[in-house]
Amino acid sequence: MFVDPKAIDFFSNEAVLYKHNGDIDTALARQYCVSGFPTLVMLSPDGREIDRVAGYMPTDEFIQTFRDYGKGIGTLASLEAKAAGTVDRNLYLQIAEKYKYGCDKAAAAAWYGKVIAAGKPKDSLSGVSRMEIADMFRRAKKWDSALLAYKQVAKDFKSLQFANDADWYTGDVYRRMKDTVRAIAAYETWIKKYPKADTSDVNYTKGLVEKLKNPPAPKPEAKN
Amino acid sequence: MKTRMLLTALALVVITATAGVAADTTAVKPHAPVAPRLDWAMAIAKGMNIPVIIDFYADW
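Protein chains in written order, with this note's numbering: chain A, 1 to 224; chain B, 1 to 60.
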């Protein structure tokens, strides 16, 4: 994207670009709570964070988004101001998504909670929000909370994609907990329960089970 | 004064990169100007009253 003439023009006149390899030099990425790459963080001339974009975006959309941010359009602050005194679950969800990619995860959970509270616990926006909350527990390594949240989603959204995802991530949590027996059981249950799941997902899961059942032999200790 | 020096330095980086590309058209495509350090980027942004955008990337 940065080789696109429009991006070159944008970064020659309207913003200063600084590129940072967050995988090698992690301190700055941690400071800005960057949880995935690419993440683009916009700072005001005095260093305040204006907003950010997580993930890839086409050049035109990218430039328009940051031009809007510069004018205070679509920023977290502007969305929160818009949400004050209104009940708009889609807006709440947008705000929660923005918090999710920033430092204040508790605020993200609170806004997802508002989405659920303002609707029905089993409607689609609640499903999205409940999965996001479960994912936040998983990423924070709060295993018991994550497992409980996934279990409830799987129960409440039977036959929907949310349940499929929740059941799969249950196996993922056990695997990360290094509870191999439960991880294998959860993955095998998922394979049986969702025979029409995407073939690549099924093959990937079968591969995980195979690795869990036959872990690679530990490397021999290096001699002095 | 410091800001002007930093702007000049950044411009030189861009000109050098562009000249390199002009000399060999098979080389890397022109790229948006990139400040080599965050504190320089901030100083330039302050001087020009424009924002800084940090692109956090990974090689993989």
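Treat the hints as calculated values from the structure; they're not laboratory data. Glycine included, C-beta positions come from ideal geometry on N, C-alpha and C. Keep in mind that a hint or two might mislead.
Said to hold, decoys possible - With beta-carbon atoms standing in for the labels, derived distance ranges:
id, chain 1, residue 1, chain 2, residue 2, range
1, A, Thr-180, B, Gly-47, 17 to 27 Å
2, A, Lys-211, B, Gly-47, 50 to 60 Å
3, B, Ala-58, A, Cys-103, 38 to 48 Å
4, A, Arg-48, B, Arg-37, 15 to 25 Å
5, B, Asn-49, A, Cys-103, 22 to 32 Å
6, B, Ala-58, A, Arg-176, 15 to 25 Å
7, B, Asn-49, A, Lys-206, 49 to 59 Å
8, A, Ala-118, B, Asp-39, 43 to 53 Å
9, A, Ser-159, B, Gly-47, 25 to 35 Å
10, B, Gly-47, A, Ala-77, 21 to 31 Å
Now for the hints, and whether the structure bears them out:
Between Thr-180 of chain A and Gly-47 of chain B the Cβ separation comes to about 57 Å, which falls outside the hinted range of 17 to 27 Å. Distance hint check for Lys-211 of chain A and Gly-47 of chain B: the Cβ-Cβ separation is about 54 Å, which falls inside the suggested range of 50 to 60 Å. Distance hint for Ala-58 of chain B and Cys-103 of chain A: a CB-CB separation of about 19 Å, inconsistent with the stated range 38 to 48 Å. At roughly 19 Å, the beta-carbon separation of Arg-48 of chain A and Arg-37 of chain B lies within the given 15 to 25 Å, and the hint holds.
Distance hint check for Asn-49 of chain B and Cys-103 of chain A: the Cβ-Cβ separation is about 26 Å, which falls inside the suggested range of 22 to 32 Å. Remark: the range hint 15 to 25 Å for Ala-58 of chain B to Arg-176 of chain A is upheld by a beta-carbon distance near 21 Å. The supplied range of 49 to 59 Å is met by Asn-49 of chain B and Lys-206 of chain A, whose beta-carbon atoms lie about 57 Å from each other. For Ala-118 of chain A paired with Asp-39 of chain B, a C-beta distance near 44 Å keeps the hint of 43 to 53 Å intact.
Checked against the hint of 25 to 35 Å, the C-beta distance between Ser-159 of chain A and Gly-47 of chain B comes to roughly 59 Å, which is inconsistent with it. Take Gly-47 of chain B and Ala-77 of chain A: their Cβ atoms lie about 25 Å apart, and the range 21 to 31 Å holds.
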